[in-house]
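Listed here are the chains, written in short residue letters.
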Amino acid sequence: MRHVVQVGDMKAGKDGDVVVTHALGSCLGLMVHDPVARIGGLLHAMLPLSKINPQKAQANPYMFVDTGVVMLFKEIYNLGGKKSRLVVKAAGCGSPMGNNEMFKIGERNYTVLKKLLWKNNILLDAEDVGGTVSRTVHFYMSTGKTVIKSGQQEFEL
Amino acid sequence: MKKGRMNEIISDVRSFPSMSGTAVKVLKLVDDPESTASKIEELLRYDPAITANILKLTNSAYFGLPARIGSVRQAIVLLGWKRLGKLVMTSCVNAILDKPVPGYDLPSGELWRHSIAVSVAAELLAKELDIAADDEVYTAALLHDLGKLVLGNYVKEDLQAIEKAAGEGIPFQVAEREVLGTDHAEIGGRLLKSWSFPESLVKSVRWHHEPDGAKEPSVIIDLVHVANVLCLMIGIGVGREGLRYEPSPAATKRLGIKTRQLELVASQTLQWANELSDLFGAG
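Each protein sequence line maps, in turn, to chains A and B.
All you need for the working numbering is the position in the first sequence, starting with 1, plus 147.
All you need for the working numbering is the position in the second sequence, starting with 1, plus 1084.
Certain hints may be false.
Unchecked claim - Here are some chain B residues pointing at chain A (derived, C-beta under 8 Å):
no., residue
1, T1106
2, V1108
3, V1258
4, G1319
5, L1327
6, P1331
7, P1333
8, R1338
9, G1340
10, T1343
11, L1348
12, A1350
Unchecked claim - Lysine to aspartate or glutamate pairs mimicking DMTMM-like chemistry, simulated, CA-CA at most 20 Å apart:
no., chain 1, residue 1, chain 2, residue 2
13, A, K261, A, D272
14, B, K1342, A, E301
15, B, K1342, B, E1359
16, B, K1337, B, E1212
17, B, K1240, B, D1362
18, B, K1277, B, E1126
19, A, K266, A, E301
20, B, K1183, B, E1126
21, B, K1166, B, D1219
22, A, K230, A, E248
23, A, K221, A, E301
24, A, K221, A, E303
25, B, K1140, B, D1296
26, A, K296, B, E1247
27, B, K1109, B, D1219
28, A, K296, B, D1362
29, B, K1166, B, E1126
30, A, K198, B, E1212
31, B, K1337, A, E274
32, B, K1248, A, E301
33, B, K1342, A, D272
No lab work stands behind these hints: they were computed from the structure.
For clarity, every value in this text was computed on a predicted model and none was experimentally measured.
Virtual Cβ for every residue (Gly too), placed ideally from N, Cα, C.
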């Protein structure tokens, strides 16, 4: 089955599924996979911290990195994923051109992710983050294969 | 720049389909202090598609009326002239902006969703900043990328050269100018001028990527500028050129916007944009 993850959402899949997300600009795409259980999930989070809009965060925790990442891992564990086996990859977190700090939402998304992972003793296995490109991710549940497409480029992460 | 290219583009601007006759007439009536609700109702009676769209929009949560509206007359009474004009504009540009855009690689419906999102974000920004922006902000935002519909075919043709130029660290619209002699913002401005739109709207579209290029700074240009970059960042209508645009530090300073406010508006924009753009898709 093919699942498409919209901005501010998360989808999990099982063996044989592919989880897709489009148009990762400054948003974070986080892919978590368990190669033994052959399950995984993809989060497409828009903003770093839920405190900016607690009401929204309650209605939709996947909009924010701090609440979304926690929920994604919970879902993975619910589906039978084991922390020791998880492969974690990140994509997105881009920024527009120039040095206007206010618009570095992508960098802030990435910083919050790294802090969260560090606190929980989880390392990123691969990442394709930053820059000015918009990315599409295809994430295959059988193998954990993660394919990133941006502009004309397509490669496996 | 290829010779004669500019003439070709200008001729495409001239032959670009105009706004629907109903839209232009209604907008004139809305501006006319002598007009009455029944005149507008009469005009819309012959355009069931626009009428249906107006009622859908009026009843959407974004325009938030307490009771369900079943007729154009009720809509006019409850919304007032100016907001009605906004709804008519939205209904009329749907058909134009709904198309796929070559060059920028936007699939069908994506430019429409982007245009709606920028309108919503610009209004939310104005509200958050306590700026008394009138309905012009909404319309300017809605039409800001109109030029992409003309320039898209040319961008597609010369994509390699444009991407090469942009790859050297200049914003995408500057790369368009280097290769094509014009950019989508300028073409959008020309289109609106040819439709006899007010000069302030023409300027807002013309300078939406380079707000500091306008002779006089304008709060509407600044709002559209910031809202546009923000919507691209959150992936609404982001095309092949990605985030290769540069937000102006002067514009954010003029608006007095804080990081917290920008992020808050981002968190609010998505839902409204999806809701409003889906109204039209739902048929």
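Going down the list of hints, with the structure as the test:
A least Cβ separation of about 34 Å between T1106 (chain B) and chain A goes past the 8 Å threshold, and the interface hint is therefore violated. For the restraint placing V1108 (chain B) at the interface with chain A, the shortest Cβ-Cβ distance is roughly 34 Å, beyond the 8 Å limit, so the hint is violated. Taken as an interface hint, V1258 (chain B) does not check out: its beta carbon lies about 10 Å from the nearest beta carbon of chain A, beyond 8 Å. With a least beta-carbon distance of about 3 Å to chain A, the hint placing G1319 (chain B) at the interface is held under the 8 Å criterion.
For the restraint placing L1327 (chain B) at the interface with chain A, the shortest Cβ-Cβ distance is roughly 4 Å, inside the 8 Å limit, so the hint holds. A hinted interface residue such as P1331 (chain B) counts as satisfied when its beta carbon comes closer than 8 Å to some beta carbon of chain A; here the least separation is about 5 Å, so the hint holds. The closest approach between the C-beta of P1333 (chain B) and any C-beta of chain A is roughly 5 Å, which is under the 8 Å cut-off, so the hint is satisfied. Below 8 Å, beta-carbon pairs count as interface contacts, and R1338 (chain B) has none with chain A, the closest being about 13 Å; its hint is therefore violated.
About 12 Å separates the beta-carbon of G1340 (chain B) from the nearest beta-carbon of chain A, more than 8 Å, and the hint is not met. The closest approach between the C-beta of T1343 (chain B) and any C-beta of chain A is roughly 5 Å, which is under the 8 Å cut-off, so the hint is satisfied. For L1348 (chain B), the suggested interface contact is upheld, since its CB lies about 6 Å from the closest CB of chain A, less than 8 Å. Because the smallest distance between the Cβ of A1350 (chain B) and any Cβ of chain A comes to about 6 Å, under 8 Å, the interface hint for this residue holds.
The straight-line distance between the Cα atoms of K261 (chain A) and D272 (chain A) is roughly 12 Å, inside the 20 Å bound, and the hint therefore holds. Distance restraint check for K1342 (chain B) and E301 (chain A): the Cα-Cα separation of roughly 36 Å exceeds the 20 Å cut-off, and the hinted pair is therefore not satisfied. Pair hint K1342 (chain B) plus E1359 (chain B) does not hold up; C-alpha atoms about 27 Å apart against a cutoff of 20 Å. Note on K1337 (chain B) and E1212 (chain B): the hinted pairing holds, with a Cα-Cα distance of about 15 Å set against a maximum of 20 Å.
At roughly 28 Å between alpha-carbon atoms, K1240 (chain B) and D1362 (chain B) are farther apart than 20 Å, so this suggested pair is violated. With a CA separation close to 28 Å, the supplied pair K1277 (chain B) and E1126 (chain B) exceeds the 20 Å bound. For the given pair, K266 (chain A) sits about 32 Å from E301 (chain A) by alpha-carbon distance, which is inconsistent with the 20 Å threshold. Taken as a hint, the K1183 (chain B) and E1126 (chain B) pair is broken in the structure, with Cα atoms around 30 Å apart against an allowance of 20 Å.
At most 20 Å may separate the alpha-carbon atoms for a hinted pair to count; K1166 (chain B) and D1219 (chain B) meet this at roughly 7 Å. Between K230 (chain A) and E248 (chain A) the alpha-carbon distance is near 35 Å, which puts this suggested pair outside the 20 Å criterion. Restraint check: the Cα-Cα separation between K221 (chain A) and E301 (chain A) comes to about 30 Å, which exceeds 20 Å; the hinted pair is violated. Distance check on the hinted pair: K221 (chain A) and E303 (chain A) sit about 26 Å apart at the alpha-carbon level, beyond 20 Å; violated.
At roughly 38 Å between alpha-carbon atoms, K1140 (chain B) and D1296 (chain B) are farther apart than 20 Å, so this suggested pair is violated. Annotation: proposed proximity of K296 (chain A) to E1247 (chain B) holds, straight-line Cα distance about 16 Å (limit 20 Å). This hinted pair checks out: K1109 (chain B) and D1219 (chain B) have alpha carbons roughly 18 Å apart, not beyond 20 Å. The straight-line distance between the Cα atoms of K296 (chain A) and D1362 (chain B) is roughly 27 Å, outside the 20 Å bound, and the hint therefore fails.
For a cut-off of 20 Å, the pair hint linking K1166 (chain B) to E1126 (chain B) stands: about 18 Å separates their Cα positions. A distance of roughly 17 Å separates the Cα atoms of K198 (chain A) and E1212 (chain B); the hinted pair therefore holds under the 20 Å criterion. A hinted pair counts as satisfied when its Cα atoms are at most 20 Å apart, and K1337 (chain B) with E274 (chain A) does not qualify at roughly 34 Å. Pair hint K1248 (chain B) plus E301 (chain A) holds up; C-alpha atoms about 18 Å apart against a cutoff of 20 Å.
Between K1342 (chain B) and D272 (chain A) the CA atoms are separated by roughly 35 Å; this puts the pair beyond 20 Å, and the hint is violated.
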